[in-house]
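With this note's numbering applied, the sequence shown covers 311 to 585.
Errors might be hidden in some of the hints.
Claimed, not checked - Restraint-style ranges between C-beta atoms, simulated for each label pair:
hint, residue 1, residue 2, range
1, D380, D531, 17 to 25 angstroms
2, V362, A498, 47 to 55 angstroms
3, A400, D473, 27 to 35 angstroms
4, K544, K488, 22 to 30 angstroms
5, Q377, E510, 52 to 60 angstroms
6, F320, K460, 25 to 33 angstroms
7, H527, G339, 28 to 36 angstroms
Simulated from the structure, these hints should not be mistaken for lab results.
Here a beta-carbon is modelled for each residue, glycine too, at the ideal position from N, C-alpha and C.
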Amino acid sequence: MQTIIAATDFSPNSLNAVNYAADLAMVLGAHLTLFHVYQVPIAFSEVPAPVVSIEDLEKDADEKMNQLEDAILQRTGNRISIYKVVRQGAVVNELEDYCNSSNAYAVVMGSESANALERFLGGGRTTSAITHLKCPVISVPPGNKFRNLKKIGLACDFRNVVDTIPFREIKSLVNEFKAELHVLHVSADTETGYSAQTVEESGWLQEIVGELRPVYHFIRDEDIEKGICEFAEKNNLDLLLVIPKKHHILDKLFSHSHSQKMVIHSHVPVMSIHE
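I would like the entire structure built from these sequences, with the hints used as guidance.
Listed below in structure tokens is the structure:
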């Protein structure tokens, strides 16, 4: 049976993402794994920090996980099976280790706000997870509730699509939910027409996913993330798929940095699937 991993630090944003993950698990008939990582506080000043034992930290985490499990079971009418994992360490490292040893359908996390510090640092735990985890990561914006996936968007740069787009996973997702697939491509307002490469690559994409009857949208905007996010919101997409690519000087979309910005700014849940 498939497993949905819901990573939580018990903040309101992460708890909302847990509810999203629980609803997704019910629809898929999947297990739900609640995943929490606690860290031992480190003092950065000469003033001694309050002494908190590892045992106390673990006990507190276990109590919160039990309360969260009870709340989810009550909310879902005991219709899903729940596992709880509590670890000590670095969040993304522990998630990576766990994902590598489990049959994870996806990791669900709350997306981060776009405050100045996070923009400067390039994001936080969720954006770091997108870079390091091999399994898909679903980033849920604050307050966003799960709804049946009727319209799925795929952001595509039309560059080497045969080798970089995970077609099997995309086809499985679209067929699972009997959803519409909308392919989104952004180019600058100043560009006239489309390059021979774009035309050729779009043909290869159609050849492979034609059975899904995708709808293509060619968006004019100098800001890639803005163009895609605005389209997704205005057209009521239920999920936006992005494929983080290893950075190349010719890549406009999607180096890891573009995917991270998409996660931070999108008001629609974003699912990152690696090439």
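Hint by hint, here is what the structure shows:
no.: 1; hint: D380 to D531: 17 to 25 angstroms; result: violated (46 angstroms)
no.: 2; hint: V362 to A498: 47 to 55 angstroms; result: holds (52 angstroms)
no.: 3; hint: A400 to D473: 27 to 35 angstroms; result: holds (32 angstroms)
no.: 4; hint: K544 to K488: 22 to 30 angstroms; result: holds (23 angstroms)
no.: 5; hint: Q377 to E510: 52 to 60 angstroms; result: holds (55 angstroms)
no.: 6; hint: F320 to K460: 25 to 33 angstroms; result: holds (31 angstroms)
no.: 7; hint: H527 to G339: 28 to 36 angstroms; result: holds (32 angstroms)
In the structure shown, a violation is registered for the earlier hint numbered 1 alone.
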